[in-house]
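> Given the coordinates of chain V, work out where chain S with the ligands should sit on it, guided by the hints.
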Amino acid sequence: MTLSQLSLEARQVDPSLPLLEVDQLVMHYKIKAGSVSAVDNVTFTLHQGEAIGLVGESGCGKTSVALSLLRLLPQNAQHISGEIRLNGENLLWLSAEEMRQRRWKDIAMVFQGAMNSWNPVYRVGDQIREALDTHYRGVMTYAEQRAHMEKLFAAVGLPADMLDRYPHEFSGGMRQRAVIAMALSCGPQLIIADEPTTALDVIVQDQILKELKRIQADLGMSIVYISHDIAVIAEVTDSLGVMYAGNLVEYGPTADVFARPRHPYAYLLLRSTPSITGPRRKLAPLQGEPPDLLNPPTGCRFHPRCPFATERCAVENPPLEDIGGGHKVACWHWDQVPELEGLQR
Amino acid sequence: MLKFFIGRLVQMVILFVVFLSIVWLLLQLMPGDISDTLIGNPDIPMSVRLELKARLGLDQPLLQQYITYITNFFFRFDMGVSFSRFPKDVSAVLLEALPRTLVLFLSSTLFAFWLGFKTGKLIAWRRGGRSEQFLIVSGVFLQTVFYPWFAIVMLWLFGFVFGWFPIGRFITAELWLGAPFEANDIFGRLIWTVVIASVAYGIARIVIGRVAKDLVTRERLAMLLGLLVVAAVVGYWAVNPAAKFAWDIVHHTILPVITLGLVAFGAIMLLTRASMLETLGEDYILTARAKGLPDNVIRDRHAARNAMLPVATSLVLALSFVIGGGIVTETIFSWPGMGLLFLQAINVSDIPLAVGALAITGVLALVGHLVADVLYAVLDPRIRIA
Ligand SMILES: Nc1ncnc2c1ncn2[C@@H]1O[C@H](COP(=O)(O)OP(=O)(O)OP(=O)(O)O)[C@@H](O)[C@H]1O
Ligand SMILES: [Mg+2]
Chain V
1 MTLSQLSLEA
11 RQVDPSLPLL
21 EVDQLVMHYK
31 IKAGSVSAVD
41 NVTFTLHQGE
51 AIGLVGESGC
61 GKTSVALSLL
71 RLLPQNAQHI
81 SGEIRLNGEN
91 LLWLSAEEMR
101 QRRWKDIAMV
111 FQGAMNSWNP
121 VYRVGDQIRE
131 ALDTHYRGVM
141 TYAEQRAHME
151 KLFAAVGLPA
161 DMLDRYPHEF
171 SGGMRQRAVI
181 AMALSCGPQL
191 IIADEPTTAL
201 DVIVQDQILK
211 ELKRIQADLG
221 MSIVYISHDI
231 AVIAEVTDSL
241 GVMYAGNLVE
251 YGPTADVFAR
261 PRHPYAYLLL
271 RSTPSITGPR
281 RKLAPLQGEP
291 PDLLNPPTGC
301 RFHPRCPFAT
311 ERCAVENPPL
321 EDIGGGHKVA
331 CWHWDQVPEL
341 EGLQR
Chain S
1 MLKFFIGRLV
11 QMVILFVVFL
21 SIVWLLLQLM
31 PGDISDTLIG
41 NPDIPMSVRL
51 ELKARLGLDQ
61 PLLQQYITYI
71 TNFFFRFDMG
81 VSFSRFPKDV
91 SAVLLEALPR
101 TLVLFLSSTL
111 FAFWLGFKTG
121 KLIAWRRGGR
131 SEQFLIVSGV
141 FLQTVFYPWF
151 AIVMLWLFGF
161 VFGWFPIGRF
171 ITAELWLGAP
181 FEANDIFGRL
191 IWTVVIASVA
201 YGIARIVIGR
211 VAKDLVTRER
221 LAMLLGLLVV
231 AAVVGYWAVN
241 PAAKFAWDIV
251 HHTILPVITL
261 GLVAFGAIML
271 LTRASMLETL
281 GEDYILTARA
291 KGLPDNVIRD
301 RHAARNAMLP
311 VATSLVLALS
321 FVIGGGIVTE
331 TIFSWPGMGL
341 LFLQAINVSD
351 IPLAVGALAI
361 TGVLALVGHL
371 VADVLYAVLD
381 PRIRIA
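Chains as they are written, first to last, in the working numbering: chain V, 1 to 345; chain S, 1 to 386.
One should not assume that every hint holds.
[Stated by the list, open to error] Label pairs and their computed distance ranges (CB to CB):
id, chain 1, residue 1, chain 2, residue 2, range
1, V, Ser16, S, Arg382, 48 to 58 angstroms
2, S, Gly226, V, Ser16, 49 to 59 angstroms
3, V, Gln101, S, Ala212, 42 to 52 angstroms
4, V, Pro296, S, Pro294, 31 to 41 angstroms
5, V, Lys30, S, Pro294, 25 to 35 angstroms
6, S, Phe16, V, Ala33, 54 to 64 angstroms
7, S, Val199, V, Ala33, 55 to 65 angstroms
8, S, Arg220, V, Asn90, 34 to 44 angstroms
In short, the hints are calculated from the structure, not lab data.
C-beta: ideal position from N, C-alpha, C; glycine also.
The following block holds chain V by itself, in its conformation from the complex (with noise of 0.2 angstroms):
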């Protein structure tokens, strides 16, 4: 990392060589009835300059990876199996001072609910510095810093004296604004982004999203992308994963996935999604409750809610396996499920 790809130019990205590769990660969280089954056998590779999307049902486990990555995972998690590696080298084998250091250098995050991302007693300014101060000790004299901080909050469209200003001084979308902002601070190559906007209103949402993708694409990084909410996130990613409840059921490129749903959940999560531009639809609601992780259902996790399911499905759990074009379905009947109808995009 030098001086000059922290001050945001264009990094060179090689999109055939693998970023970040998720290896049949499987987590639980210790409680008191047991053990939460939250990532199961989850698999996906993303590539350098690639923004890709997981989606899915609340509680499905997308924060959960998302804080695997970082080794942020509360004190009751247990990382059971699987590798995580960015650029080959597997995080998990990290010390934690090592993987201290590659924290917001290497990998940023964006949380869910930024908006309390902020500690309320310090300058927004100074949190960005502290970020620059603990991974670019000496690099950088004060003044490169202000400037550097400026850059930032110019490329994210917020008047550089904000920088000066408490978070309660800003609005909503500013601070989120900020926290993205401040995630680009140390350069990373992968920035996770869980649910960057769900507490704004439609139209910021919006902006920032198209920001954040202009932003990514000028800089060469990755993003992964945390959503419940499909449409949305189908407007800025290339590869879409959909989770469901901890495994991941379905992944393959942005507009094979939405054109062609071929996991049931998958499908009958795109058919409930209501389409503003085709024609209408009948909405055909998800039927039943998402599975208690405590004791998840045996073979396909999906199979009490799935109109397809079979026998087989109640004992066998499905590969994730590729259908062609890196779409790739974990599902015994994948062929069986139709077309959806009057979907544009």
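Chain S with the ligands only, in chain V's frame:
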């Protein structure tokens, strides 16, 4: 800020007048007056008693006495003459005792807050473990203990059994016999050096805040500065010819300060721990960890700094405890401060002295509240007044 200040000041003055009136009235309503105490002797004829009453103005109607007292208090800054220490002025008697009480209150409050905050912070950070259990139990014990009993036990244990500290009083009389110094002078000088050192430290902190822009340098410089100031004060007194006498006073001060401080310490430690645990669950702590900040920075700069806010509010609560506990402490350690003075005054119906002592205490409490408010505004930018 100025407007806020003036508003508060006016509020405080009004509050004080009301307080003083109530105190005055309540003490007047106590049965008997100084003439009963001084001349309980039946041999003294009634005429002499009446004469005395008249001279002290005690024969006048209550309202007249009240008006006289209040006008003298606010317009001549005169609190009258002490009956029991006639003809000394109440203000002179109080002025002598005030510094001792202030030192006792301030040192024990600072000690309690400093230690309570440190330990509370650490046990919240490293949850679980024996030391946490032990400290919580001790904290609850200190918070609920019957204070006079606790003070006596402390005196007995450290003054008598271990003999580490002198048993009560302010100075060792034998040492000071023929000493070339006045105890009050040395005490005053001790206070002044500490005050000057604190002010110097405060100013230097502000300068550092202006000059050193980044947090790390600021923190390091502040720490260095603190050490320097402490070294300067200790050094100054170590080479002073009055060192021996100064030490005698300090030696007498330590045990009452610790005893009074310990009780407040328990409450503050528990409060800090609870507040810290809450802060540690905040989103910005997760952000701080994601930023790759080292653990001690997350703990001190982010968690503890915010956990401090409710603790600062409790300064007001601590104040009321310290004032009540202060009287008990002064009595048990025969510490010649205002609390002891007040008790003696009540015993002999020396109303002017008693009212005076309470008036000063009231002023202290009001100032304490103001300090707590200002402190809170300084600590929390969200309520800082533009
Ligand atoms: N600290 C924890 N202890 C025990 N269980 C937890 C803990 N954190 C999360 N879980 C459980 O793990 C599962 C996954 O949670 P996670 O927060 O990853 O979901 P999510 O997909 O991010 O949901 P949302 O969209 O609501 O943010 C949930 O069932 C949740 O109840
Ligand atoms: Mg989440």
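> Are the hints correct? Go through all of them and say.
Checked hints:
Between Ser16 (chain V) and Arg382 (chain S) the Cβ separation comes to about 50 angstroms, which falls inside the hinted range of 48 to 58 angstroms. In this structure the supplied range 49 to 59 angstroms holds for Gly226 (chain S) paired with Ser16 (chain V), their Cβ-Cβ distance being about 57 angstroms. Separated by about 25 angstroms at the C-beta atoms, Gln101 (chain V) and Ala212 (chain S) break the suggested range of 42 to 52 angstroms. Distance hint check: the CB atoms of Pro296 (chain V) and Pro294 (chain S) are about 38 angstroms apart, consistent with the given range 31 to 41 angstroms.
Taking the beta carbon of each, Lys30 (chain V) and Pro294 (chain S) are about 27 angstroms apart, inside 25 to 35 angstroms as hinted. In this structure, Phe16 (chain S) and Ala33 (chain V) meet the distance hint of 54 to 64 angstroms, their C-beta atoms being roughly 59 angstroms apart. The hinted range of 55 to 65 angstroms is satisfied by Val199 (chain S) and Ala33 (chain V), whose Cβ atoms lie roughly 58 angstroms apart. Look at Arg220 (chain S) against Asn90 (chain V): about 36 angstroms separates their beta carbons, and that is inside 34 to 44 angstroms.
The earlier numbered hint that this structure contradicts is number 3, and it is the only one.
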